Amino acid sequence: MSAAKQKRRSQGGKKAAPRHRRPLLWLVLPTLVLLLLVVISTFWHVPTRVQLDLATARLAFTPGGDERREILNRSVPFSSLVIEDCGTAVFAAEKLEIADPRQLVPGTEAKETAHFPAVAWRELKPTGPVKFSCHDPAAKLTLRNPDPASARLGLLDRMYFKPGSQVILAVSPGRDPAFSIEVETSQDLNLALSPGLELVADFVKPEGIDPPFPGDLQTYRARLPEGRRTFEITSGEHGMVLIVTPTRDQLAQLFAEPLDLPLASVEVLEEELEGKLDSPLRDKATLSYPDYPAIAAVNIEKDEAVGLSGLSRARLRSLALDADKGALRARFDGIAEHATSRAGSFASDHRLTLFHTFRYSWRWGLIAVAAMWLVPTAWGVFEVLKKLQE
Amino acid sequence: MRVEPIRRGWRCRQAITLVLFLAAFPLLAQYDPALQYQNRGNRFEGLKPKPVSGYDIELLSALVDDREPSPTWPSTLHLKFYLPAAEPVFVNVRLPRPKTIYYWLDRVMPPAPWRPGAFNEFTWPTEPVLRNLTSVTLEDLGVVVRLRQQDPAKKETIAPASLFHMQPPAVANGYRFTFKTNGAAHVTGKIYRGDKEVYQRPQNWEKAGSPFTLSWNAQGQPEGEYRLELSGYFDDNTPLAKEVLFYHRVSWK
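The listed protein sequences derive, respectively, from chains X and L. Add 103 to a position in the first sequence, counting from 1, and you land on the number used in this note's numbering. Add 16 to a position in the second sequence, counting from 1, and you land on the number used in this note's numbering.
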């Protein structure tokens, strides 16, 4: 810039502040800077401790920590059990029969179950424990009580989940609500059963016994001997899927309480066949901030997809089956690097901002006030010292 | 002309929103982004979130009952089907049985248009996705080749397919049809040629979301069009019905 131009600027007095206004500028400047910082802090999201309460039809999570953990209560009673991806199933039978599938009397309405007449049953003579091997990829076993009036077939064994292995829980609503547990690590389970067992074997054949009837879907009936009423299941190499229909009187006590399961990750998400992300929520979810009780909780509508990631110090606090809503009620607590919900194409970030932490935390609030007082004061002192030196 | 940049900007914002949103889904994000569902030239393939459908009953797989054993993933997979007439073809390869991951392949673009009245084949490499899925084997895959319409429907026409890595079957001796219901249901399955019943799967109680398979031994059955009918009722007595039309081609040479 030329000297003439500089002269014109200072003569006009518009571009450079007069000397007597400088102290005012120095006093206002920190306020302006702080104002700018405050504005920026309202957009600056930080990892936030959140608590999420939701009712979902499906929940996928990866346990964290170092130890194997269980989520179910010990000895959950069930009325029926479906086993997918089984390896083997072994049980001792005092008496074993197979039904002629051609003689099945089908049901015609929900309350009327299909059944076999007495003449349809043919006795088999196993020479030792009955062993079913699930070699076929479509193999599936269904266990139920031969007496439809009986509410209970047996008790589940304790199921442990390894840290880092994924677990998927899903609810099947209906007249008899059920839930499925899908695990990706192998399991060996020992079920305690009642004396009578009906077993529907889909693409599974018993070893050493040649079924007299054709077909891939066979129904067996067994009487288990006193003292050996157990059913041993070994899962496939890559885990298994259990679909458990709990007895009605135990619906409220399926999961361990308090649960307090360390979590590495959690996911509540589905996708429609057309590719649109979908929400398995069955009720409004609530996202709150335990460290900042003064901040209002966020309501997430049931058609919104919700996601939490980058979890640290995360816990699955509780799980319960809500039979009326056909959902799992779950509570998470943890620090999330991402806490998002999406309604249509609009995504919302639910992490707190720096501004929230200053405003709602007394500690950070005091630090902020002290800083706000310190900065202009320091500038003032600096200016006064400068004047005195002059 | 002025609409284009606006639309592009809107799409860009939408894509950014989606990327930010997907960042919050750790189980999907734990896999290499290269494994996620995306355009791979002649097909869309990869891992997706759990697929759900609003259909009462859904066909998950329709395969010729002839699987080559393969303890490890071959370098390429072949899918072969007979197309009886000139019709739009929609191929979908997926995992019918729930796994903790959901493999999905669709939007196949064949190198040449599908040929009517002939066998058609599609080949794709396993290296980009399948080989990286340690918990999935070739036997776990299901295929549906839908004709005329892309989406599942109460009545649909399909072409049973063969999935192989070395040799396709010489003859179609049987078929495997895998379905799932979206609620607990009592289901009976039958296959007809015209009005004649050629196969029946007895009524069975199927749990919601749990795949079940009908295996029909077609040996000795004449070539032609067949109809698979599923009937039954849900737990709340809502009736259930599904019809799948397919062409049984005996010789696959």
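Bear in mind the hints are in silico, worked out from the structure with no lab data behind them. In this text, all values refer to a predicted model and were calculated from it rather than measured experimentally. Positions of the beta carbon are idealized from the N, C-alpha and C atoms, including for glycine. Hints should not be assumed to be uniformly reliable.
Claimed, not checked - Rough simulated footprint, nothing fancy, chain X against chain L, three-plus residues with beta-carbon under 8 Å: (1) 181-187; (2) 192-204; (3) 241-253; (4) 261-267.
Hints and how they fare:
1. 181-187: violated (count 0)
2. 192-204: holds (count 6)
3. 241-253: Check passed, 5 qualifying residues.
4. 261-267: violated (count 0)
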